Amino acid sequence: MPAKLVFLGRLEDVAGTGELAVSPGPLEQVLAALDPALAVQLLGERVRMALNGALLGDTGAVVLADGDELAFLPPVSGG
Amino acid sequence: MADVRLLGEAFSAIDELAAFTAAHPEAGGLVSFLGQVRQEGGVQVVEALELRHYGAMTLPGMQTLAAATEARWALDGLLILHRYGVMLPGDPIVLVAAASRHRRDAFAAADFAMDHLKSQSWFWKREKTARGWRWIEPRPDDHRDLARW
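Going down the list, the sequences are from chains X and Y.
Under my numbering, the first residue of the first sequence carries the number 1, and numbering increases by one thereafter.
Under my numbering, the first residue of the second sequence carries the number 1, and numbering increases by one thereafter.
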């Protein structure tokens, strides 16, 4: 079962899709398989990550398991 | 128990407030805030606004905010409605209402909930002008508003 990346806000435009199925594994490995221009945006310092709906504090050691959903969240812009 | 909803379709603020008021006859005061899509003139006319949300986090975050609001003030009722999707000028975006025995709790609770919805909720906004769609970045004011609490 693949893992899933979710791109929110402007990152969806950069990625050209809202969701992407990826092979599970360490985040570095997952990002290395993406378009480098997208990977750079995903690692922007203002982009936060959430794993299965929970915001991550430290993203250094993320390893995606089968069925995991990792979301990339740019700064929110309110209602 | 707060009434918290994330809506994909337009809602009637008047109907919602009538129902909320009727549900809380014990409250002596009811304060509401309605946010709507601004109608502006000039070259930067906003033709449409889109709010995107994230299923795993947006509504759960609104529910957490409602619980925090209810924990902080003595409320008889709390209503938080927020739209997502494409909206046109004049469309309602957000409706917050707080009912309490005395008015100050209701004023403060509605103000607190709005400041947090604006700056901390998981919504991403883009606007359409004559030049096309453009993503909106957070405003420094939103963070200053949060520092009030």
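Think of the hints as simulated: they come from the structure by calculation, not from any bench.
Bear in mind the structure is a predicted one, so any value in this text is a computation, not a measurement.
Built from N, CA and C at the ideal position, the CB exists for glycine as well.
One or more hints might be untrue.
Stated by the list, open to error - Some, not all, of what chain Y presents toward chain X, calculated at C-beta under 10 Å: (1) Arg52; (2) Tyr54; (3) Phe107; (4) Phe112; (5) Ser119; (6) Phe123; (7) Thr129; (8) Ala130; (9) Trp133; (10) Trp135; (11) Pro138.
- Query: Checking against the hints above, which ones are violated?
  - Reply: 3, 4, 7, 8
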